[in-house]
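Asks: Read off the chains here:
2 protein chains.
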Amino acid sequence: MQTKKLKIIPLGGLGEFGMNCLALRWEDDIIVIDAGLMFPESELLGVDIVVPDITYLVENKQHVRAIILTHGHQDHIGGLSWFLSELKVPVYATEFTLAYVEGNLEENHLLDETTLIEITPKEKFTVGTFTIEPIRVTHSLVDCVALAIDTPVGVVIHTGDFKIDLAPLDDKAFDLHTFAEYGKRGVLALLQDSTNVDRSGYTPSERAVIPRLDEVFSQAKKKLFFSCFSSSIYRIRIAMELARKHGRKVAIVGRSMMESSEIAQDLGYIDIPQGLIINPGQMRDYAPEQLMVLISGTQGEPMSALSRAAVDNHKHAQIDAGDTVVLSSRIIPGNEKSIFRVIDHLYRRDAIVVCDDGSNGMIHVSGHGSQEEMRLLINLVRPKFFIPVHGDYRHLRKHAQIAMETGAVEHAMVIEDGDVLELDKNDARKKDKVTAGRILIDSGSSIDVVEELVLRDRRVLSEDGIVMAVLAINKRTGKMQQAPEVVMRGFGGADITEEARELVIKTLDGLSGEEKTDYGMVKEKVRAELKRLIQKTTGRRPMIMPVILEV
Amino acid sequence: MQTKKLKIIPLGGLGEFGMNCLALRWEDDIIVIDAGLMFPESELLGVDIVVPDITYLVENKQHVRAIILTHGHQDHIGGLSWFLSELKVPVYATEFTLAYVEGNLEENHLLDETTLIEITPKEKFTVGTFTIEPIRVTHSLVDCVALAIDTPVGVVIHTGDFKIDLAPLDDKAFDLHTFAEYGKRGVLALLQDSTNVDRSGYTPSERAVIPRLDEVFSQAKKKLFFSCFSSSIYRIRIAMELARKHGRKVAIVGRSMMESSEIAQDLGYIDIPQGLIINPGQMRDYAPEQLMVLISGTQGEPMSALSRAAVDNHKHAQIDAGDTVVLSSRIIPGNEKSIFRVIDHLYRRDAIVVCDDGSNGMIHVSGHGSQEEMRLLINLVRPKFFIPVHGDYRHLRKHAQIAMETGAVEHAMVIEDGDVLELDKNDARKKDKVTAGRILIDSGSSIDVVEELVLRDRRVLSEDGIVMAVLAINKRTGKMQQAPEVVMRGFGGADITEEARELVIKTLDGLSGEEKTDYGMVKEKVRAELKRLIQKTTGRRPMIMPVILEV
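Protein sequence lines correspond, in order, to chains A and B. Taking this note's numbering, I'd label the letters of the first sequence as residues 1 to 551. Taking this note's numbering, I'd label the letters of the second sequence as residues 1 to 551.
Hints are all accurate, no fakes.
Listed below are the simulated BS3-like cross-link pairs for lysine-lysine, each with C-alpha atoms no more than 30 Å apart in a straight line: (1) A:Lys384 - A:Lys430; (2) A:Lys337 - B:Lys525; (3) A:Lys433 - B:Lys506; (4) B:Lys4 - B:Lys88; (5) A:Lys516 - A:Lys222; (6) A:Lys525 - B:Lys337; (7) B:Lys337 - A:Lys337; (8) A:Lys523 - B:Lys523; (9) B:Lys531 - A:Lys523; (10) B:Lys337 - A:Lys433; (11) B:Lys523 - A:Lys337; (12) A:Lys516 - B:Lys433; (13) B:Lys433 - A:Lys479; (14) B:Lys337 - A:Lys523; (15) B:Lys531 - B:Lys315; (16) B:Lys430 - A:Lys221; (17) B:Lys525 - A:Lys523; (18) A:Lys479 - B:Lys431; (19) A:Lys7 - B:Lys479; (20) B:Lys430 - A:Lys479; (21) A:Lys430 - B:Lys221; (22) B:Lys516 - A:Lys431.
Stretch-level coverage of chain A by chain B, calculated; a stretch enters the list once three of its residues show a Cβ under 8 Å from a Cβ in chain B: (23) 197 to 208; (24) 334 to 340; (25) 353 to 365.
Calculated from the structure, these hints are not laboratory results. From the three backbone atoms N, C-alpha and C, an ideal C-beta is built for every residue, glycine too.
Next comes chain A alone, as it looks inside the complex (with noise of 0.2 Å):
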């Protein structure tokens, strides 16, 4: 008679970075933690995001019980969307990572069909045979959480995203002690965070930067636009008292930065004091010395505020010289090309531009725990089994050494994406694989409906048909050197070639000097633009490819 077993089977986010996803099976109960999106490698054309093949939740479907989120990156809740419009299952998440997933699924029409239920660290609950202890860590988010989930065998802990901030700038504190009662009760399995497994030593508190971006601030004699990633609470708190502290008003410039600040504003972790903030459409009313712009766009987005503010296209958010723009972001591996090009546009505004490059003192720190952190929390939980989560192969690999060299662990086991790892009381071992892989989608920009989500699947679009837009455009003037070649396949009927490279010519007639020089934004309106006249006209979507020629 075979004895029954515990099943931790990843779906997302071992082996790579992103998609994070992982369901824990106990005979008919699963339960799934985080529902991540990715974004694409350059190599993957046409496509906006990817998220996990959840064939096997689908396959699955009347066993899943829940899907838990331990925090609010759209790593771990930006592929929830997706999830549901396959699985109808409740969502458990904290407070404010609900606060984010509601704004989310109101977007996909999925809002009022979703059970959502809030947890709170410290408090447990039960879905199926699982008993889950949500435990309050610290994160360059609020109000994330590790998750202890008690199962027939034992108990498995996922951390979730993590590092240890021991001064965290809302004094809620890692919860050290809880992890160590787990740790002196016996644990089963521990599943770690790897992301920054190459760091020794310490990850800075998020405090560490306010030092030197006070000194920013002093310096700054005309405006000061404060960019950082919309979720970065703690940053856009740190941002705003130091301009009240430097006599400057705020404005609040791109959507992300708007939701996020005001989800957090009402959620108690911002303090905004009455009269500083401003309406962007306020800002000629005061002095550039007077005011901070917190804009979006760390990243050098094509279409965030921060990247049309540096080609001096947008409404509200003018650079001017001696302005000073902050980036207060790491790059994105994969992004440097886009960054930097926002930052050549920067400095051709004559901005002084302070950005992470090593150069300009601590303006950012890492929200992932370095060396030391992942060894203190080994050492805290003492599992039988470690198994490293989030990160490439190599980080899981070297993740896997680290907890060994401990001597706290009595094994590390490396597993990947649709890795079946069967656990009893004693043992743990690798079984038969499950499907796994990621599914590729083009959202566009103007998702509405969930239905376009689900037929965004890569599989439908190639039968969706393809097009490519080849445009051979002028280094030097900016213009189209000849009429744009547009080609397309796997269209039945109506042939809208003709009408299509009319609109790419007009599209591109429609951008300023510096939007032609910057290829990103041209792919992105020429993209949007065809995708529109396509949908409307044939009701298709295909994938569509701008692709640049320089002459």
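Since the structure of chain A is already known, use the hints to place chain B on it.
Replies: Frame of chain A, contents of chain B only:
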């Protein structure tokens, strides 16, 4: 009456990294400093290399007297064949640089018709109005020079690429004295390398990598694979000396590594003891701990020896569990994905990977000077005008600021590609612009006549048509999910779509399982095969873009 002016006209490398090229003009005499290439951004699909637009030089062909090369890196010499196909002028360079140039010109059948003139540090030579003194500088490559150019309005010094290595491995010192002499006598303009302007302090000597690499060699229990840029002659020398010290034979794998080592040995830069080098075929005669394999491919180039070895597809270089792989080089921004893909494959082979990720000690140092070296050279040269070269716009700006802060220059001026800076003894000002830009070249893997190079000009290419091959690959099985879609445009005549589709299928079938997971390699192979077919059948050389859809 207009007084005569010296014109400084950058055509590449001022506003981007790579494709360095700068013209100096006095009346009817033009000299060109460097003729580099750059590697394309991912946005420029289907392009292999990028060279500067030299319309200005071609239009003034009869006045161009010489191309003078500062050193042998591709971003300084890689565009030379392209230049020489348009301009028949002599090329001046040091002995080692000429050895690289010769190889390159021979490949393009240009060697016989080109006049190559060897130059030597401290030995002045005259070209038209200009008298030029090469000054020895240190860099990651050997035999590099700066150029002091005596013109009718004063001396202009161009640093080329440099660091100030005060303990160079070959005892060929950075010639501080000559720079100081010029500084004492008075220098009109200094054009200085901006590459590392973001780094404070001093770049360590090339020797600084020896202690840590020595440790790595001590700890290696089985085969040791050592990869670095093939032009890093000092690094190759260090690796060979360590191999000898630790009782390992050296097998050299990869064409560029082989050529480079040979040149370095011929010219006395590496002194290889009898019996140290073995043929790759002899590796099986030695125990793993008796072998070091010097292998090309630090940047994860899809067809390089290391990339192939990583997926177990190299005839000689077989990487087994417990082997050590050292990547003694930096990660060039933009190459992260390819490099980390290779590293993940190495981990899957259970190799020990030592790369420059910040966690492995000093296994690589930069070849470019940091801020203190920039300041030191400015202090020695004390030019009236300072002009930063080699960098994105922001680097040039920052470098200009650093120069002004030294107090040793009168004016620092930022100019970009195509600007014309006019100087006399007292004054320098930006005048009108000349044509400048990038020429995108799809060289394929086998250029053998220079006419091909010229044909690959994208202006011609876009008339030669476009081929897009869309492969829907199943992520899990690595197999094609449906027949490939081949779209051809801009072809008259023969329809070879069906043949092309079959070829794509055949090509994919010929790849190993691991190769199939490496999309870079898949694309490269598909591109090469399609190119061959289309050229053979139609005589055309269209732009070929393989697109992979994961399903």
